[in-house]
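A.B. asks: The primary structure of each chain is shown beneath.
There are 2 protein chains.
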Amino acid sequence: MLGRIALVGGTHGNETSGIQLIRQWQQSLPERFCELDVTCQFANTEAMQANVRFLDEDLNRQFTQARLAADNPAREAQLAKQLNQQLGPKGSSQYDLVIDVHNTTSQMGATLIILEADEFHVQMARYVKQHMPEANILLEDEKPVSEHGYLCTTGTRGVMIEVGGQPQGVLREDVYQLTQTMAEVLLDFCVAYNAGTLGELTPCEVFRLGQEVGFPMAEDGGRDAMVHHALQDNDFQPLLAGQPVFKRFDGSEIVWEGESPTYPHFINEAAYAKLHVAFATASQVTL
Amino acid sequence: MLGRIALVGGTHGNETSGIQLIRQWQQSLPERFCELDVTCQFANTEAMQANVRFLDEDLNRQFTQARLAADNPAREAQLAKQLNQQLGPKGSSQYDLVIDVHNTTSQMGATLIILEADEFHVQMARYVKQHMPEANILLEDEKPVSEHGYLCTTGTRGVMIEVGGQPQGVLREDVYQLTQTMAEVLLDFCVAYNAGTLGELTPCEVFRLGQEVGFPMAEDGGRDAMVHHALQDNDFQPLLAGQPVFKRFDGSEIVWEGESPTYPHFINEAAYAKLHVAFATASQVTL
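Those protein sequences? They're chains E and S, same order as listed. Each residue of the first sequence is one higher than the one before, starting from 2 at the first, in this note's numbering. Each residue of the second sequence is one higher than the one before, starting from 2 at the first, in this note's numbering.
Just chain E, same shape as in the assembly:
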């Protein structure tokens, strides 16, 4: 039985589709969800006001037990402690489910990010795929949930909605509609889960996070190459050994030499540019 559910937007202050969805649903939640105990709230209102991802540090990396216990004056570190009291506390939460709504500059379409493949999340993944076949499911179970720094881990269970491509600070209708649809499907799942009417759900294909791939760097500390146009915008499409991934500024190409096929995503995401991360890899698994 899912009791309290939190739907959160504005964890990154320039990700507008989640912010707008919260704004809408705070005014009026679709009637079929009124039987659920759903709280719609913003996370980082100061960053929203400034139209930036964060002010001092990435809020969505603050929710490890170590960071929550540490004495860090950064505004987001302080905010994380408040939010952990409100939405958590992590490990013994008042909330049975926290859904955190994000968007990306990568062409990832509507993606549900889950952090573990236990029975609950397998059912959720299957339900989402069944009711929204265009959705991608991304499984980030490379470490235990307790060690993830994501805001959604304050809940007993936590997932993220990640939709793109949308530039930071911009609201696109297509991205907003996909975001709303995925949020509705997730709350429909909660209603069915509570009513015991999920029924038999068909196994589905999901993407399991592999590793981050960095940009080739020049000796002066700048980049030596950019994402190849053949890879750009092809998130979650199979990438095979020998296919181009980078174009050097001298015109030469760098081809993929890793696991084949792999499923690149977060391709050329603006927020990861500072870290010189070009994309992340994934394998396909059946849940």
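Honestly, I wouldn't trust all of these hints.
Which copy? The list can't say, so a pair holds if one copy fits it or any two copies do.
[To be verified] When the alpha-carbon atoms are kept at most 25 Å apart in a straight line, the in silico SDA-like pairs for lysine to any residue are as follows:
id, residue 1, residue 2
1, Lys275, Val286
2, Lys275, Asp59
3, Lys275, Ile23
4, Lys275, Gln27
5, Lys82, Ser93
6, Lys275, Asp225
7, Lys275, Gln50
8, Lys275, Arg76
No lab work stands behind these hints: they were computed from the structure.
Given the structure of chain E, go ahead and fit chain S onto it with the hints provided.
C.D. replies: Below, chain S without anything else, positioned relative to chain E:
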């Protein structure tokens, strides 16, 4: 005769394609341009370092005589005075041509922005259209050049390259290649202009800037609507009276009631979101 020419990137610190082009051409300018006196330089290195459009104020609005004379402590106002000494001074410049390289989140493709339709710029527009037929030419002659605040107005003549769509802080190969091609075509024009080999150039269609169109606002100061998906990404396509331009969050549509046809551009540009500008209009004229 065009003597000194300046090619400038990083006027906005998160517009990566111009920054990368300057980085490349500082290392080695294509050989056919070596007969020209071209200086490749960055404008706002502090904003580039911080990966933001600007630190205090938009640098590309500082170059009116009034602002250049005013006592404004904003970092970009101070920087503008330095740049005006280096590239100008405006009104009696050491540079015959300043080309300032920008990018936009709007799907504007490769756009050349000119500020007046005198013989020089008409020839340039025709040459660019002839050698790069996919280019758009945007004429912003709604006020005299002297009253424009753009950095490129420090030169005796000044134009801007504006390419999109590209999220802020991201470098896309397609946008980079268009940027490089347009910069090459402009320098090819300079070579031909100096050699007197421009020949007869065919008149071309350009877009003349009309006015900015704001987002419909709600009573609480937030937006009441978003750019309609039928308008999104259709920069420079004709918009007719009765066609949808906005989608309200209640699902209803707002249709175009202005000049018909008009040619919207800078549709949903991230940098104008703060001002709640949804797009700019244009009419088509022949130069």
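A.B. asks: Checking each numbered hint in turn, tell me which of them this model violates, lowest number first.
C.D. replies: Hint 1 contradicted; others consistent.
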